[in-house]
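J.: Sequence:
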Amino acid sequence: MASAAAPTANLLQTCAALLMSPYCGMHSPNIEVVLVKIGLQSTRIGLKLIDILLRNCAASGSDPADLNSPLLFGRLNGLSSDSTIDILYQLGTTQDPGTKDRIQALLKWVSDSAKIAALKRSGRMNYMSPSSSAVEYGLLMPSPSHLHCVAAILWHSYELLVEYDLPALLDRELFELLFNWSMSLPCNMVLKKAVDSLLCSMCHIHPNYFSLLMGWMGIIPPPVQCHHRLSMTDDSKKQDLTSSLTDDSKNAQAPLTLTESHLATLASSSQSPEAIKQLLDSGLPSLLVRSLASFCFSHISYSESIAQSIDNSQDKLRRHHVPQHCNKMPITADLVAPILRFLTEVGNSHIMKDWLGGSEVNPLWTALLFLLCHSGSTTGGHNLGAQQSSTKSASHSSATTTGLTTQQRTAIENATVAFFLQCISCHPNNQKLMAQVREQSPS
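Per the UniProt record's numbering, residue 1 is the first one in the sequence shown, and the count goes up by one each step.
Careful, some of the hints might be misleading.
Straight-line alpha carbon distances no greater than 27 Å define the calculated DSSO-like cross-link-like pairs of lysine-lysine that follow [what the hints assert, rightly or not]: (1) K353 - K328; (2) K120 - K108; (3) K328 - K277; (4) K108 - K48; (5) K277 - K432; (6) K100 - K37; (7) K353 - K432; (8) K193 - K100; (9) K115 - K48; (10) K193 - K353; (11) K100 - K115; (12) K37 - K108; (13) K120 - K37; (14) K100 - K48; (15) K115 - K193; (16) K48 - K37.
Derived by calculation from the structure, the hints in this document are not laboratory data.
Construct all of the structure, not just a fragment, from the sequences and the given hints.
T.: Here's what the structure looks like:
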């Protein structure tokens with residue numbers, strides 16, 4: 001039946017238009033089945049269906065000026081539904097002689113969308129001009145759901161060990177296009193998350209791409225790793241917040257400019273086992289934990305009892321043989337929550353949960369609780385205002401504290417809760433650690 005229906009004029013466009021109609025309702029599954037069966041009848045029809053769903057009807061040969069050519073109900077760009085996602089996924093993962101061509105068509109759409117985005121950024125394309133090609137209108141605002149779908153297809157296809165050479169289809173030029181596209185998008189934009197999911201799939205298939213991505217961000221693995229560790233005992237967590245902030249990669253070079261956008265992309269791209277391993281080996285998580293704990297320590301309010309605790313820990317820090325050249329990254333209050341969100345997202349894997357509950361990160365747990373229990377917040381929503389610090393001795397001059405705005409404190413609190421939930425989720429050892437830290441932290 002599918003082979004008999006395939007030659008019918010405008011059948012694909014009509015079915016796709018019906019699928020996107022708000023009145024389709026209960027008929028969607030049936031239309032979806034029809035489109036998948038027809039799309040798999042031949043490579044040519046499958047490619048045409050992909051163009052209809054992703055590039056609008058103009059790309060599939062429909063003429064918007066032709067009243068007999070069904071338009072997709074005024075769809076400008078990027079509209080998607082569960083049905084269109086299912087259709088694309090089945091077209092991309094069903095193994096037959098045309099699978100490779102369909103994968104190439106999906107990647108071509110991704111590449112063209114990234115190139116159009118680059119043209120928009122550079123101002124070299126007046127995309128609202130009448131001279132713009134009809135195809136471009138389907139690329140200006142690609143559906144994030146469709147991008148996620150392509151990323152899922154790539155990941156699944158790699159796990160399937162398909163017959164065609166999948167890694168060869170994912171070249172460095174496409175990876176760089178996607179990276180630049182992601183860096184140009186706001187962190188809270190759904191489209192950025194979708195582009196990052198494509199970067200993640202490509203890093204899974206090409207592990208060396210993750211090293212490339214870190215290099216573009218200025219993250220360089222340490223040339224010599226330091227194997228000396230200092231751990232914090234349970235009895236001294238209150239008084240020694242900084243003494244154990246050491247790790248295997250103290251000398252890891254800090255990124256020159258690490259932004260929230262970098263952190264979001266890095267976290268999303270490092271979800272494969274090999275990428276997580278590279279991330280840990282780079283020393284960046286350790287660097288962030290050290291810097292974050294140092295930030296918390298320096299922002300603890302200097303009440304009399306806390307001041308004494310800090311005095312003790314400063315003395316211990318001098319007595320311990322902690323190298324003074326331990327690399328840290330300057331952190332602003334606005335970057336604390338993004339760093340915590342980064343650590344939360346990379347904490348999905350069991351190996352990261354183990355590390356987040358290890359001796360390197362233990363001080364951060366206590367430091368975060370100290371910060372939230374003792375730091376004040378400024379009443380305004382303006383920039384951080386400097387507060388007077390304890391002047392008991394000249395050695396404390398570098399520990400000047402600043403207040404957190406209400407917005408900053410709220411963001412840090414929310415991010416901290418999510419971080420702790422990630423750490424203890426499905427991890428009994430971390431749950432026990434959380435109980436111990438909570439018992440010994442200030443109320």
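J.: Work down the list of hints and note, for each, if the structure agrees.
T.: Status of the hints after comparison with the structure:
1. K353 - K328: The given pair, whose Cα atoms are some 22 Å apart, holds under the 27 Å limit.
2. K120 - K108: Holds, at roughly 18 Å.
3. K328 - K277: Holds, at roughly 21 Å.
4. K108 - K48: At roughly 13 Å apart (the allowed maximum being 27 Å), K48 and K108 satisfy the hint.
5. K277 - K432: Distance of about 25 Å is within 27 Å: holds.
6. K100 - K37: Status holds; Cα separation ~18 Å.
7. K353 - K432: Judged against 27 Å, a Cα distance of about 13 Å means the pair holds.
8. K193 - K100: Cα-Cα ~26 Å, so holds.
9. K115 - K48: 21 Å, holds
10. K193 - K353: Since the Cα atoms of K193 and K353 sit roughly 23 Å apart, the hinted pair holds (cutoff 27 Å).
11. K100 - K115: The given pair, whose Cα atoms are some 22 Å apart, holds under the 27 Å limit.
12. K37 - K108: 23 Å, holds
13. K120 - K37: The hint is violated at about 37 Å.
14. K100 - K48: 15 Å, holds
15. K115 - K193: At roughly 18 Å apart (the allowed maximum being 27 Å), K193 and K115 satisfy the hint.
16. K48 - K37: 13 Å, holds
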